[in-house]
Amino acid sequence: MPDPTSILVIGELVDGAPAPATLEAIAAARALGGGPVGVMLAGESVGNAAQTAIASGADAVYAIESALLADAAPDAVVAAAAAAVAAAGPRIVLGAKTLLGRDVMPRLAFRLGTALASDCTALALDGDGRLLATRPTYGGNADATVRCLGTPAVASLRPGTVDALEADATRTGEVVAVDAAIDEATVRTRSIERVEQAASGLRLEDARVIVSGGRGLGGPEPFEQLAELATLLGGAVGASRAACDAGWVPTSYQVGLTGKTVTPELYIAVGISGASQHMAGCANAKAIVAINKDAGANIFKDARFGVIGDWAKVLPAFTEQLHELLSGSTRQPG
Amino acid sequence: MTAKQVLDPETPLSAFRIEDDRVAAASNMAPVINGFDEQAVEAALRIKEAVDGTHVTVLSYGTDFALDVIKKPLAMGADDLVLLQDPAFENVIDPMLTVAALVAAIRKLGDVDLVLAGRQASDWDNAQVPAGIAEALGWPIATIAKHVEVDGTTVRVQRVLPDGHELVEAALPAVVTVSNELGAPRYPNMRGIMGARRIQPAVWSAADLGIEPTEVAPAFELVSLAAPERRVETEMITGDDDADAGRKLALRLREEHLV
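Protein sequences, first through last, are from chains A and B. Counting from 1, one number per residue, gives the positions in the first sequence under my numbering. Counting from 1001, one number per residue, gives the positions in the second sequence under my numbering.
No lab work stands behind these hints: they were computed from the structure. Honestly, I wouldn't trust all of these hints.
[Unchecked claim] Ranges of calculated distance between the beta carbons of each label pair, as one might list FRET restraints:
1) GLY34(A) to VAL1223(B): 40 to 50 Å
2) ASP179(A) to ARG1198(B): 51 to 61 Å
3) THR151(A) to SER1224(B): 17 to 27 Å
4) LEU1222(B) to ALA86(A): 25 to 35 Å
5) ASP1241(B) to THR231(A): 19 to 29 Å
6) THR1154(B) to ASP179(A): 51 to 61 Å
[Claimed, not checked] If you want the footprint, here are the derived chain B segments under chain A, 3+ residues with CB under 8 Å:
7) 1101-1114
8) 1209-1223
9) 1233-1247
[What the hints assert, rightly or not] 25 Å max Cα-Cα, derived DSS-like pairs, lysine-lysine:
10) LYS260(A) to LYS1248(B)
11) LYS260(A) to LYS301(A)
12) LYS286(A) to LYS301(A)
13) LYS313(A) to LYS301(A)
14) LYS260(A) to LYS286(A)
15) LYS1146(B) to LYS293(A)
16) LYS286(A) to LYS1248(B)
17) LYS313(A) to LYS293(A)
18) LYS301(A) to LYS1248(B)
19) LYS1248(B) to LYS313(A)
All C-beta atoms in this analysis are idealised placements derived from N, C-alpha and C, irrespective of residue type, glycine included.
Input sequences plus hints: build the corresponding full structure.
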């Protein structure tokens, strides 16, 4: 069964289905070519998720089931992933830089005797079939490409970098049950309590439009104007780390390297300078619109449309004009 | 960030230890201390205040150090500083030697109960080194902490989640990575600065650590480092005044079917 030409995707289940980032990683593995693509899926039960993974491009699913995987404790998932690697014998192990992936992938890499090429935005094979991983470094000021020397090579993909394949229900693949010998002693960092703030309205990750505010807003009050604009556009409100650290909005609003990674159609950044830490979370938006009084702000480099001006004057007029445009016609989502 | 810094990869990292309820720390800090690592220092000092007998040691890995910069954790209140310094300890993109050196240092210190580190470096590392330390030592790890509490045999950590928080618990010894939500690191006071002047850091070379750098197999080799491709042409919208520009922006977005 182990295939030294294969690629193993470390998958993740959300509500019993493969996570979008997992389907993207499968697509990235297929695009690399060169060998069959396996997917590890681990949970209390894997069930239909295996068929979904196969329809989305997997040739094999390594299914690991344990009651101890119900909460996706990183300790248990790392053990499951290591067992799947032992069963599949891949030359490349590919994960996604999701919340869980941030914990699991570096540890898996070191357990396999190598390190992780993390948060990759491009993957390729060199002439010898070794993985070339490209990722933004030094605050997004440089793209570094490294050749992965480990056997296997271990990399994680930035979510939203590639599109998942169209599901094809006629695809076939094999489901292999793997025993990862997960027991109580496996989970050494135990979750005592998990508190999720009741998501008020649309999740940032699901929003088609995001209106985000930063340090330039100067305080918490302007976020009400951002919320008004977001509501008008059927979107959600985000923020930079500076605005969250200042306590103007909750941490859950934060977009960026240490916050959420979002991929909306439209990202409207108001009073955000565009520090690389922020851009890492929104660079995959289809279009960025920047409103900032500083003509030299970094945000303009990534923006499709920019206005240099005082947000307090630009935003009300912008919102009012949009209100007129949208109330006068049936809205056509772009 | 200057061009020099872009081409001069640093891998800032800090770690701390508790010996008999004492804590120790590590930081790699040129030219400034990684912001998250200062928060790790702060977390260690809060434990030191809460638990009698806590001893905080700062570990830092590199080829050379600016002493006035690297001594900042001492001025903040850490007890001592160990520089893992060797011509081979270049701040390259590969974390394998960094992990090997820090793990050897933690073993050499002995009696370490807790390693604290910044959640990630601002340049490259993405919190790999703490994960590597935890794996090499076989210790549990809790990441992205905003609150860390030690009660002798257990560490309790409040982790930051995108939409909330999670309380986790692990037996010591353990590794914890610290996030900015912990709160601002303290400023060194005059007494701390004077005290730090009197502390001479220990310097441990690869040989002192029992490491042969050429025998530590790297995980990566750098193929290229390039400015990112600029993906978009920016269209600047101007008007008679700011409000007019705002109105024109709305019209342009409508034309492009973005709204």
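Taking the hints in turn, this is what the structure says about them:
no.: 1; hint: GLY34(A) to VAL1223(B): 40 to 50 Å; result: violated (18 Å)
no.: 2; hint: ASP179(A) to ARG1198(B): 51 to 61 Å; result: holds (58 Å)
no.: 3; hint: THR151(A) to SER1224(B): 17 to 27 Å; result: holds (23 Å)
no.: 4; hint: LEU1222(B) to ALA86(A): 25 to 35 Å; result: holds (30 Å)
no.: 5; hint: ASP1241(B) to THR231(A): 19 to 29 Å; result: holds (26 Å)
no.: 6; hint: THR1154(B) to ASP179(A): 51 to 61 Å; result: violated (31 Å)
no.: 7; hint: 1101-1114; result: violated (count 0)
no.: 8; hint: 1209-1223; result: holds (count 7)
no.: 9; hint: 1233-1247; result: holds (count 13)
no.: 10; hint: LYS260(A) to LYS1248(B); result: violated (30 Å)
no.: 11; hint: LYS260(A) to LYS301(A); result: holds (21 Å)
no.: 12; hint: LYS286(A) to LYS301(A); result: holds (14 Å)
no.: 13; hint: LYS313(A) to LYS301(A); result: holds (22 Å)
no.: 14; hint: LYS260(A) to LYS286(A); result: holds (16 Å)
no.: 15; hint: LYS1146(B) to LYS293(A); result: violated (33 Å)
no.: 16; hint: LYS286(A) to LYS1248(B); result: holds (20 Å)
no.: 17; hint: LYS313(A) to LYS293(A); result: holds (11 Å)
no.: 18; hint: LYS301(A) to LYS1248(B); result: holds (20 Å)
no.: 19; hint: LYS1248(B) to LYS313(A); result: holds (13 Å)
The earlier numbered hints that this structure contradicts are 1, 6, 7, 10 and 15.
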